[in-house]
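Chemist: Starting from the known structure of chain A, fit chain B onto it as the hints suggest.
Going line by line, the protein sequences match chains A and B. In case it helps, our numbering puts the first sequence at residues 16 to 263. In case it helps, our numbering puts the second sequence at residues 22 to 505.
The hints are simulated quantities; they were obtained by calculation from the structure and are not laboratory data. Keep in mind that the hints are not guaranteed to be accurate.
To be verified - With a straight-line cut-off of 30 Å between C-alpha atoms, the simulated BS3-like cross-links for lysine-lysine are:
no., chain 1, residue 1, chain 2, residue 2
1, B, 235, B, 173
2, A, 136, B, 493
3, B, 493, A, 150
4, A, 141, B, 493
Said to hold, decoys possible - Sample of chain B residues facing chain A (criterion: CB under 10 Å; computed from the structure):
no., residue
5, 448
6, 454
7, 456
8, 460
9, 465
10, 467
11, 478
From the three backbone atoms N, C-alpha and C, an ideal C-beta is built for every residue, glycine too.
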Amino acid sequence: MSIIIKDLHAKIGDAEILKGVNLEIPKGEVHAIMGVNGSGKSTLSKVIAGHEDYEVTSGSIEMDGQDILEMDVDERSREGVFLAFQYPMEIPGVSNANFIRAALNARLPEGEELDAVAYYKNLYSKMDGLEMDRKFTARAVNEGFSGGEKKRNEILQMAMLEPKYCILDETDSGLDIDALKIVSRGVNSLRTEDRGFLIITHYQRLLNYIKPDVVHVMYDGQIIKSGGPELALELEEQGYDHLIPATA
Amino acid sequence: MEIEDISTTTAPEIDQETADAIAIDERSKGDFKYPEDHKYDAGVGLNEDTIRYISKVKKEKDWILEFRLKALEVFFKKEMPTNWATEDLNNIEFDKIRYYLANGQRPTRSWDEVPDDIKETFERLGIPEQERAFLAGVEAQFDSEAAYSNVKEDLEKEGVIFVNSTEGLREHEEIFRPYFGKVIPTGDNKFSALNSAVFSGGSFIYIPKGVKVKQPLQAYFRINSENFGQFERTLIIADEGSEVMYMEGCTAPKFETATLHSAVVELVALKGAKIQYVTVQNWSSNVFNLVTKRGMAHEDAEIRWIDCNIGSRLTMKYPGVVMKGERARGEVVSIALANDGQHQDTGAKMIHAADNTTSNVVSKSISVGKGISTYRGQVHIPKHLKGCKNNTECDALLINANSQTDTYPAITVRGNQHVTQHEASVSQVSQEMLFYMQQRGLSETQAMSLAVNGFVNDLVSEFPMEYSVELKRLIDLEMEGSVG
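Excised from the complex, chain B in its bound form:
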């Protein structure tokens, strides 16, 4: 799915400025941008007026504005978590960020109605092509708002809802409001509070009882503007016995200044439902990616996070599952690749809150050059429960002698009627292994790529085909230029 040479895909009506903007040296598929054209701009910095502006543009009900304003208070009150996390967080300049940028268009159901520059952005990222090939529905977000949103007709007939957050809260309040902000309360952390104050875009999904969506639903989040903060909000509700797989991809061009991406994703799997949430992010190395993701699994329900973190300056993300009903299952499968100058601070939270619940965490991290990978895991099993199981495996691969990996597992198990196991390993691509591969004719870069792909292979093979191909391509790109 390589993007063709831009000279053959550029539409004739594009002006010189646009052509220049997209002709920049493209190191990776996502590194290009179009000129900004915003009808709505909440300006730079954050205060009550910013919130009121966003809420007004969205024509929100009062309770949502109240929710936002309260969240803003919480955000201002909460300290940066630098007591345990990296001090790099202090380099986020909240006063210099633009919190809402949109061109005022409602998301369309047809790519033909999407403005040209936005449409071309997503075409270059291969989204319409993937939609035709293997997706049940797509939402494409450009800066603050979705430009395109569509779900296949037969699913819509069955009652599947797949809309953005604004529409979800406006048109389907009775479905979404009871769960909105319940899995991840505003005050969960400073960044969930920030998101709750300024959220825009994201996906609101409802899968009715017993409906099993065979093909994945996909959202693509694209940052196009500099000094911008993207704060999408996603809420997926899988009603009893239903099944859904949701996939998200994210990219941004390279800017001189830092960009902030801070999402909140809440999943609710009701009795016997299954949700799989797949993320393949490829942020450019100036993005602070601070995301809160958590799911609530009811009786016999299953929530599985598959999380691939490539790129960004700093990613902090610990997908979690609260196993609220008996026999609920939670799983986090994550791959993180920290290149030179990047810090992947990722992990998982497994909260067992009912008997006979099972959780599984498999984390693989790769540190290249001076890249830092940190794993933070929390497993909580209280004393009054019985028959709970957790398995945690963390494997780290170091590419150079100066790469770094840290593991902070926190396993709280009270009572003695549970089974937990934790395994961790650190391995290195040794000089001898590289020599062996190079002796067969592979360049150093090819050898490294192969070693890294081999390291994550057992996890990647569980991904949908299209995503495993994409992930392999991203790893190859990351390894290029990281050697030498």
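Same shape as in the complex, but just chain A:
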């Protein structure tokens, strides 16, 4: 059981961003993708989630044997893909509690609804784990949240929706060390045998808290190197330059 990406090419407008990505994320493993700005890391996460701005020109993405490229964004989500956004969107007037509840209800058969009492109990316990104040249930989604609060809110949604595969797009950006620890703890508590993670980051720092099984280096729309956790440390010390192929 895994997400298998084969020779994935994708473009936005006329610009090809992904130029043949090969990647397998099995359940139970945490994979990290590192790379410089513009290497295609965030694009990869959006293409997996199904963002309509990107056109997949060739290649495939399978999730547990199912081709997900034909699915709409919401269908992929309900099938188990979760993307924690680098810049979570604000939804004015929609309370956090209602938003998460609507997302959960969307997973139930037509006509069925969540039990409100059980829902709030679950929500509160997950919020406690992330040290989020209860007042965040009534506040509009991400509106007026600090950077750290937004990221915690992403992890809260992830915890509530119980996805099969979690993609974290630069979740560490803009976090101070305390917030980073809380967010990492939240992610670690979700690490199970039946859940896979893809963690996109610039910095080794996050990987001190969320230990990856595999580290990939992305450059110019391709994965140019993969290795164990030591690869992240190597990048931290030596930078990316020595990995980048000499241009003709």
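Modeler: Just chain B now, kept in the frame of chain A:
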């Protein structure tokens, strides 16, 4: 309050024709109709005979007939306001409209006495149920006349009057005549003149001094007939220190041809009185909805319009408050949703006519697809006054790139002893916001509905519970099928 499957609610004595008529595909709660059965029909088109016919059927006094005939003259004389409003008005075919349709029954005080088809119409719309649950009184109008009208006994004992316009002018002339046509004169605009000529139905309400009606009074206006014009006339008088909330709902089935709804609503809040007037309309997309609403607030009185406009082909409505007495307060809170092919041309008029008067306008409009929302606001504060305040906020939400919103604020403030502020914003449900919501598993329609409900949330939370639930349901219905 969903209507149950019709197969379980259809009474056995209904004939096949009726059954067919009500079994049509029901996109929304209001989209069904019953066969027409009218004892009184003023025919098609409009002339003096139409007026005389209506007046005769109603057995009106001479002064009312005179009032109507004069109004007809004014209506014919007045130009269509297409110099500032949409040319779509020219598509109203006054010669093809039927101006009065009634089955000759007087409104009853018991649902059991209401003819079956009419009773079932209102049952499907949930009216008797709501009445039992939370209303102090209900009037249900079917085409031109009220079929049912009832107010709780204890209120009646306190002297509350809640009747239709015919009965109000006939039985309580001394109360209503002094105010009738005074807040909105016949010649205010072409459609107030039309209403003054052919009005029928509507609510005439009097709340005696000091009586505070705790539960809302409700009227429901239902158009059942094609090529028909509904012209209800409402006059609410809240005597000194009294309080009342009035709510109106409106629906019509979908017809092939245009239908006209043109009401006149006048409110009078005497010293220290409070009137709240709540409208949730859900007209089908063939209805021209051209309504004049205005209130007169005396000393320390307060008039608040809460106006939700969903559906219709064209709505033109600018509820107003004339603050005639010192410290009077006026407020308009409005929500308009213009779907593909619809035009919501709405706004507010605040006329300050005494010192230390306060007005507040909050307008939220949503344009979906090629829907057009227009806000027109007028705030008038003359030079000789002091201490007047106005606050105006207009927010527009665009759902698609080709949606349209226009704002025409006209704030006339003379003198420098006043405080006014005006804020306007236009926002869009962005692609990225939709992507975010869809990534959490919501379909595009659910995401749009949520965004729209969020946009109006702060206003809706001020509504009575039953109405906020209804409004949310209507928004969800509108967003269905508007996507894709």
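Chemist: All hints, please: hold or fail.
Modeler: Outcome of the hint check:
| no. | hint | result |
| --- | --- | --- |
| 1 | B:235 with B:173 | holds, 12 Å |
| 2 | A:136 with B:493 | holds, 26 Å |
| 3 | B:493 with A:150 | holds, 24 Å |
| 4 | A:141 with B:493 | holds, 29 Å |
| 5 | 448 | holds, 8 Å |
| 6 | 454 | holds, 5 Å |
| 7 | 456 | holds, 6 Å |
| 8 | 460 | holds, 5 Å |
| 9 | 465 | holds, 7 Å |
| 10 | 467 | holds, 6 Å |
| 11 | 478 | holds, 4 Å |
Going through the hint list in order, the structure satisfies each hint without exception.
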